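Participant: Listed below are the residues making up each chain.
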Amino acid sequence: MSSPVAHPAHAAPQGFIKRYVFSQDHKVIGIQYYFLGLFSVFIGMALSLLMRFHMVNPNVTVKWFSWLWPTAAAGGIMTPELYLSLMTMHGTIMVFFVLTTVPQSGFGNYFLPLQIGAEDMAFPVLNMMSFWTTFLALVVMVAAFFVQGGAPLSGWTAYPPLSGAGRITGPGEGMGQNLWILSIAIFCGASLMGAINFIATTVDLRCKGMTLMRMPLTCWTWLVTAILGLLGFAVLLAAGVLLLLDRLAGSSFFLPSGLYISDQIITAHKGGSPLLWQHLFWFFGHPEVYIAILPGMGVTSQLLSTFSRKPIFGYKAMVYAVLAIGFLGFLVWGHHMFMSGMNPYSALAFSVLTMCIGVPSAIKTFNWIGTLWNGKIHFDTAMMFALGFVSLFVTGGVSGIFLGQPALDLYFHDTYFVVGHFHMIMGVAAIFGMFAGTFYWFPKASGRMMNETLGKIHFYCTFIGVYAIFTPMHYLGLAGNPRRYSAFTDVEYLGKLIPVHTFMTYAAYFTAAAQIIFVINLFWSMKKGARAPVNPWNATTLEWTVPSPPPFDNFAGVHPVVYHGPYEYSVPGAARDFIMQTDPPQVQSEA
Amino acid sequence: MLLAPLVWAIAVATAYFFFARTWWFPPPISQHGLAYDAQFNRTLLVVGIIFILAQFALGYVIWKFRNDGRRAGYSHGNNKLETLWTSATAILFLGLVVMGSKIWASVHFDEAPPDAMTIEVMSKQFAWNFRYPGPDGKFGHTDLKLINDSAGNPMGLDDKDPASKDDIVSASLKVPAGKPIKLILHSRDVIHNFFVRELRLKQDIVPGMEIPFHFQADQPGIYEVPCSELCGLGHFQMRTTMQVMSQAEFDQWMQQQQAQK
Amino acid sequence: MAGTLTRDILKGPPPPTDRGGDGGSGLPFGPGANRRASFTGLFVLLAASTMVFAAFTSAFVVRRGLSDDWATMPKPPILLVNTVVLLVSSFVLDQSRRALKAGDRAQFNLWWTGATALGIAFLAGQSVAWLQLKNAGIFVATNPSSSFFYVLTAAHAFHLLGGVAALVYVDVQAWRLRLGPAKRTAIDVTAIFWHFLDGLWLYLMLLFYVWG
Chain Z
1 MSSPVAHPAH AAPQGFIKRY VFSQDHKVIG IQYYFLGLFS VFIGMALSLL MRFHMVNPNV
61 TVKWFSWLWP TAAAGGIMTP ELYLSLMTMH GTIMVFFVLT TVPQSGFGNY FLPLQIGAED
121 MAFPVLNMMS FWTTFLALVV MVAAFFVQGG APLSGWTAYP PLSGAGRITG PGEGMGQNLW
181 ILSIAIFCGA SLMGAINFIA TTVDLRCKGM TLMRMPLTCW TWLVTAILGL LGFAVLLAAG
241 VLLLLDRLAG SSFFLPSGLY ISDQIITAHK GGSPLLWQHL FWFFGHPEVY IAILPGMGVT
301 SQLLSTFSRK PIFGYKAMVY AVLAIGFLGF LVWGHHMFMS GMNPYSALAF SVLTMCIGVP
361 SAIKTFNWIG TLWNGKIHFD TAMMFALGFV SLFVTGGVSG IFLGQPALDL YFHDTYFVVG
421 HFHMIMGVAA IFGMFAGTFY WFPKASGRMM NETLGKIHFY CTFIGVYAIF TPMHYLGLAG
481 NPRRYSAFTD VEYLGKLIPV HTFMTYAAYF TAAAQIIFVI NLFWSMKKGA RAPVNPWNAT
541 TLEWTVPSPP PFDNFAGVHP VVYHGPYEYS VPGAARDFIM QTDPPQVQSE A
Chain W
592 MLLAPLVWAI AVATAYFFFA RTWWFPPPIS QHGLAYDAQF NRTLLVVGII FILAQFALGY
652 VIWKFRNDGR RAGYSHGNNK LETLWTSATA ILFLGLVVMG SKIWASVHFD EAPPDAMTIE
712 VMSKQFAWNF RYPGPDGKFG HTDLKLINDS AGNPMGLDDK DPASKDDIVS ASLKVPAGKP
772 IKLILHSRDV IHNFFVRELR LKQDIVPGME IPFHFQADQP GIYEVPCSEL CGLGHFQMRT
832 TMQVMSQAEF DQWMQQQQAQ K
Chain X
853 MAGTLTRDIL KGPPPPTDRG GDGGSGLPFG PGANRRASFT GLFVLLAAST MVFAAFTSAF
913 VVRRGLSDDW ATMPKPPILL VNTVVLLVSS FVLDQSRRAL KAGDRAQFNL WWTGATALGI
973 AFLAGQSVAW LQLKNAGIFV ATNPSSSFFY VLTAAHAFHL LGGVAALVYV DVQAWRLRLG
1033 PAKRTAIDVT AIFWHFLDGL WLYLMLLFYV WG
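Protein chains in written order, with the working numbering: chain Z, 1 to 591; chain W, 592 to 852; chain X, 853 to 1064.
Keep in mind that the hints are not guaranteed to be accurate.
[Stated by the list, open to error] Facing chain Z, according to a computed beta carbon distance under 8 Å, are these residues of chain W, among others: (1) Phe642; (2) Arg661; (3) Ser666; (4) Trp676; (5) Gly691; (6) Pro771; (7) Arg788; (8) Leu792; (9) Leu824; (10) Thr831; (11) Gln834.
[Claimed, not checked] If we take Cβ atoms under 10 Å as the criterion, some of the chain X residues that face chain Z in the derived model are: (12) Val896; (13) Met903; (14) Thr965; (15) Ala973; (16) Thr994.
Treat the hints as calculated values from the structure; they're not laboratory data.
Small disclaimer: the values here were computed from a predicted structure and weren't measured.
Virtual Cβ for every residue (Gly too), placed ideally from N, Cα, C.
Throw the hints in and build the complete structure from the sequences for me.
Facilitator: Right under this line is the structure:
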């Protein structure tokens, strides 16, 4: 562990490697995480397009499939096991390497120190290590594609015995699954390192006047997300170790006796519990989904306030809501297990708690609308994505009211209703949070503005596109379409649902293509975008007081002093329609 | 602002397909199914109203408060409003759970009625088998070592056990209408899931556990049973049927099976 | 400034000298913030470690109650020796910090080196324990009780290895007479981490001997 930042006068690093590769600068590390996430999301998206293609064309020959996968797609037709391994890796890469990295370690690393007036994160060397450990985890994960048997097929949830009994349960369940577990374990270590930094920085490195209740809501979400990650990933690490031992050392944590797989009686294992894995996994898994969404909620709060020139409605309630979501997030894991065979009385307890966690989420939604009410809304692209986030969060959230009731889950579990729900709330809403953050903070990080026209086109195409892809999944769920099916050829009632799948597939192609607009915008603007002023959005928080991009030590040796809250917009009697947090105290505000 | 009508249009389009029931549940075939549908409709009503109101409110504020030169209001919130909508949400959500708990209780807290017909379900990668105890009402002994799928002994039935003699093993589930059925769910390899849409019921099948599960089907017909927990590459093909028939037809079928042994 | 064990654990690190305003230390860039942040970082790490062992413990409890195939694992007596070694190392570590507080660098060096040596001895003793189990034919897969024994002791040893690395680092710095204020924080953080591992080991021993 490095000693924390001590010398405001310490010199910027020299040399390409120290500045851009093994950098200890939180800003560089944030960008590294961002691009790791960007790279991963394109892999994840490509995998999903392959999946969607196969679902509606299960018997169509595609020549280049057999070049990529000579065994698993011999003759150019994707085998079911290949489909399932693509599905497993899609989920895994998206959840871990996109949703857990970019919102928190990408944006958070870059902007937390700036927003609280710190020179860097508390432990810069640890920060650097956390990125490279994440990178290593990604390498190991991708390696699973290239080993014999290929990537695992047990889903991102890896339930044993399918994931625990070894290669006899299916192709990819040999070395592929081992690498998967190893990658996740490495990722857990990286997350822990990140969490230590985020928490210590927020607790101890706030500048003078930056009380906890004056922190921007983004900082609150990064803090709570770090705590969730700290405690959740610890449990996942333990679970992964036990699963690996079951696979490699012949232990029986999760494998019961009496298994007969692939014409063999399994004598090596006995007495273990598959449900034990599910409890451990979901104890991590539920906080994980809040890790994915909370930073996006923080960004949305930030943007809605900034772009409607109005304080956030109910700042305190928003903080309590974030804390409540974080706390309750640890108590609801059983709602992923209503049908699992666990004690049915506990299902009711989990259900009540799940409904409880809907309440702070609802509070946040009401407050977002309350923020917009009586505001003066500017429709920059960043704001469009924040508004889109609210719409998607509502849609994705309300389907949870069905799923949180075990009585209704008796039909909906493991159907496309669930797939639609989690993609909407976690996949799409969180992604919109990332887009919003990108458009908002790109000027600060690069010194240039992104193109608004391209931004708006991209926004509309994506907004319509994601609704077109994921809303129909709810209807498929109503009709009883099971999930994780590689094709719909064998269950008769699925036949008439195939047109819906076809529609969704085309919507997916369209939406994926629209992302090219974003990539073009991003890279073109880095080189050719209009020069950005220090504060293009007339925003109030500390990152907008420093040059674009900020100097190496953020505040150039000057310690900021904060006198105001983070959302002092349109204060009556003030000269401008915003008061920066560092403006002198004589400028009126209530905070 | 274009976004407002777009949000409204999306909300209306989404809601439309729920109203129109374009893709919908199949009709229920049991009392439980009717209760389920009632709870679903209650939830749909609440959720539908919340959804439409929230998307409408979002679209409204986007449209009404777009920048037109005037200054924005200044307010840090409204505690009364906050308390009001928080309480309303909590009451609604918790109310729904309470109402649904009876349904859950009837499925999982109550034991199967004493006169229920017991059928063993054996799930494996990637097929279903169902075993009836036959006239003696007893299931014969099984042994993993005796399993022979190709020879038609997927359950490893032990011939030497007299109780096995009248056991019937079938690849599809056949039940009499109007009678309580108790399934004992087994898996011999990985987790599977027994699901019948028309019953509005499903249950994970976990190796190492014997999970009891009861229902009563009132409407004759043939209903599909698709495996509903990822079990490997053949998961999408692991399908069988549940045929509900009159008691007379069921007895006839049982006799035929016994005669063929 | 090196505090005593009691003070640091019960009362937290010394408060910063200038609070300024309503919050925030006013000294984010000085040694005060470093020290506080290091302690925060340590406690965060301890929270994570606690969760890892909590997860293992809950798996332990569930697995033990599940099946009747749990057989008590015979524990190599050297475990008791190792426990004493670890406890003594903690005591010695605290002595070294007392010496430093009293200004006696030479004593500090000796005691700290002693603690480091004892820490290494513990790890060596653990290796012996595993060897003895292996020779007795008790492996990871032998019985759930042995599976958990290996997992828990390995996880603990993994943490202890980190602790030993920290002890060695401080030791090397001490002998090179490079123990300025920043290093004092490293000393305190290492010591608290070491005591945590002690407590964790006692907990594990309880688990093994009473329920294992």
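Participant: Against this structure, judge whether each hint is valid.
Facilitator: Tested hints:
{"no.": "1", "hint": "Phe642", "result": "holds (5 Å)"}
{"no.": "2", "hint": "Arg661", "result": "holds (7 Å)"}
{"no.": "3", "hint": "Ser666", "result": "holds (7 Å)"}
{"no.": "4", "hint": "Trp676", "result": "holds (5 Å)"}
{"no.": "5", "hint": "Gly691", "result": "holds (4 Å)"}
{"no.": "6", "hint": "Pro771", "result": "violated (17 Å)"}
{"no.": "7", "hint": "Arg788", "result": "holds (4 Å)"}
{"no.": "8", "hint": "Leu792", "result": "holds (5 Å)"}
{"no.": "9", "hint": "Leu824", "result": "holds (4 Å)"}
{"no.": "10", "hint": "Thr831", "result": "violated (10 Å)"}
{"no.": "11", "hint": "Gln834", "result": "violated (14 Å)"}
{"no.": "12", "hint": "Val896", "result": "holds (5 Å)"}
{"no.": "13", "hint": "Met903", "result": "holds (4 Å)"}
{"no.": "14", "hint": "Thr965", "result": "violated (21 Å)"}
{"no.": "15", "hint": "Ala973", "result": "violated (25 Å)"}
{"no.": "16", "hint": "Thr994", "result": "holds (9 Å)"}
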